[in-house]
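J.: Below, each chain spelled out in residue letters.
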Amino acid sequence: MSKFKKKKGGELPAISTASLPDIVFMLLFFFMVATVMRDSTLMVVNKLPAADQVQKLDKKDRVMYIYAGKPSNRYQDKYGTSAKIQLNDKFATVSEVGAFILAERAAKRQELQNVLTTALKVDSDTKMGLVQDIKQELRKVSALKINYTTRLGDYTQNIN
Amino acid sequence: MAKRAAPEVNAGSMADIAFLLLIFFLVTTTIETDSGLNRKLPPMEDQVDPPIIRQKNIFTVVVNKNDQLLVEEELTDIKDLRSLAVAFLDNGGGVGDEACDYCQGERDESSSDNPDKAIISLKNNRETSYKVYIAIQNELVAAYNDLRNREFLRLYPSVGLNFVDAQKKYDDPRTSVDLSDQLKPKLDVVKAMYPQKLSEAEPSKTN
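Just so you know, the protein sequences line up as chains A and B, in that order.
So in my numbering, spot 93 of the first sequence is number 208, and the numbers just go up one at a time.
So in my numbering, spot 27 of the second sequence is number 31, and the numbers just go up one at a time.
Incorrect hints may appear among the rest.
Here are the simulated EDC-like cross-link-like pairs (lysine to aspartate or glutamate), alpha carbons at most 20 angstroms apart as the crow flies [as the list claims (entries may be wrong)]:
1. K236/A - E211/A
2. K260/A - D176/B
3. K69/B - D204/A
4. K127/B - D204/A
5. K236/A - D176/A
6. K185/A - E204/B
7. K173/B - D240/A
8. K260/A - E204/B
9. K242/A - D71/B
10. K236/A - E219/A
11. K69/B - D240/A
12. K173/B - D71/B
13. K255/A - E204/B
14. K173/B - D204/A
15. K69/B - D81/B
16. K127/B - E211/A
17. K195/B - D120/B
18. K162/A - D169/B
19. K185/A - E219/A
20. K83/B - D173/A
21. K175/A - E131/B
22. K236/A - E131/B
23. K162/A - D38/B
24. K171/A - D175/B
25. K188/B - D169/B
26. K172/B - D167/A
27. K83/B - D167/A
28. K60/B - E131/B
29. K171/A - D38/B
30. K174/A - D101/B
31. K195/B - D169/B
32. K174/A - D176/B
33. K172/B - D173/A
34. K121/B - D101/B
35. K260/A - D101/B
36. K127/B - D112/B
37. K44/B - D204/A
38. K127/B - E252/A
Think of the hints as simulated: they come from the structure by calculation, not from any bench.
Could you build all of it, start to finish, from the sequences and the hints given here?
T.: Given below as structure tokens:
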């Protein structure tokens, strides 16, 4: 009566890991869709201030980014600790902002050139003097639409 | 020759490859903060003759280098700024042509005539810190948004949204064209009732 012989041993069957790649791929695709590539390495400290009356920024191809803040730790030996402007991948002076905007604008498609926004990603501890200088430069090249990029949060976080 | 079954490719390392890719994307990407306060800078050309604005229609906000706030010549805490700005904008002290029939303010004669005339003037020092400046901008925008929300809900209760949400809906590219077309005139009406008139003076080096 071998047909009814009980199966030997109480070994647990191995858990199939065949679906593991599927799970990981799912995660991978989620991250690929939900995030954007960082297009320039940040060379400045960029802790954005908080605000809650925010509006969403336009599509990415209609935005030009200007970063400002103290140089990050690894650049402080070379560039000091006073706030600086970063355009694309390098530090710049205030007078270069205008040329940068014009170059960026020229690189965009014709129909987008009038609807561009300049996003100012400025560190919270920067002084207004620098921001004011940037704004003045932007006015000179009539890039008048600006956006102070902020983190979502209550304004009281800014005061301490 | 005997037919041989094709050997199965071992897929055990697939997970490792996928993990590698996943970690690569995790490291190289950031979830962008893509929202902020939209502002419009004034054009460069000088105005030929600056319009004459009566002092009572100007709400002055001055920030000094120690991040202290002076609102209408009085030292103020930033948490009171929003209510002061709302009170100023919504005052509606004008009479005759300048009367404001939707304002719910105190109609104080020494404050603004109507929201269309009311101008908020923000002046900062070069040493003011950016975060405080953003906090102030945020509160001033909030004052406008509060008033616009109120009027939007009063005029268009059927929409079921307040002004900020309606604006968000309008800006969202996924909103259908029909709905956008319906929202646009309503948004414009409310915007015209409380136009954002926020003037920024050139910063002072002293004080």
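J.: Hint check: K173/B vs D204/A, CA-CA at most 20 angstroms. Holds or violated?
T.: violated, 35 angstroms
J.: Within 20 angstroms, alpha carbon to alpha carbon, are K195/B and D169/B?
T.: With Cα atoms ~14 angstroms apart, K195/B and D169/B stay inside 20 angstroms; holds.
J.: Does the alpha-carbon distance linking K195/B and D120/B stay inside the 20 angstroms limit?
T.: holds, 10 angstroms
J.: Does the structure keep K260/A and D101/B at a Cα separation of 20 angstroms or less?
T.: violated, 33 angstroms
J.: Going straight from one Cα to the other, do K172/B and D173/A come out at no more than 20 angstroms?
T.: holds, 12 angstroms
J.: Given the hinted pair K236/A and E219/A, is their alpha-carbon gap at most 20 angstroms?
T.: Roughly 17 angstroms separates the two Cα atoms, so the pair holds.
J.: Can the restraint linking K260/A and E204/B be considered satisfied, given a maximum Cα separation of 20 angstroms?
T.: Status holds; Cα separation ~15 angstroms.
J.: Can you confirm whether the C-alpha distance between K127/B and D204/A stays at or below 20 angstroms?
T.: violated, 32 angstroms
J.: Regarding the pair K69/B and D81/B, is the alpha-carbon distance no greater than 20 angstroms?
T.: holds, 15 angstroms
J.: Are K83/B and D167/A close enough, with their CA atoms no more than 20 angstroms apart?
T.: Given that 20 angstroms is the threshold and the Cα spacing comes to 14 angstroms, the pair holds.
J.: Given the hinted pair K172/B and D167/A, is their Cα-Cα distance within 20 angstroms?
T.: The given pair, whose Cα atoms are some 14 angstroms apart, holds under the 20 angstroms limit.
J.: K171/A and D38/B were given as a pair; does the straight-line alpha-carbon distance stay at or below 20 angstroms?
T.: This hinted pair holds, its Cα atoms lying about 6 angstroms apart.
The structure does not agree with the numbered hints 3, 4, 6, 7, 12, 14, 16, 18, 19, 20, 21, 28, 30, 35, 36 and 37 stated previously, though it agrees with the rest.
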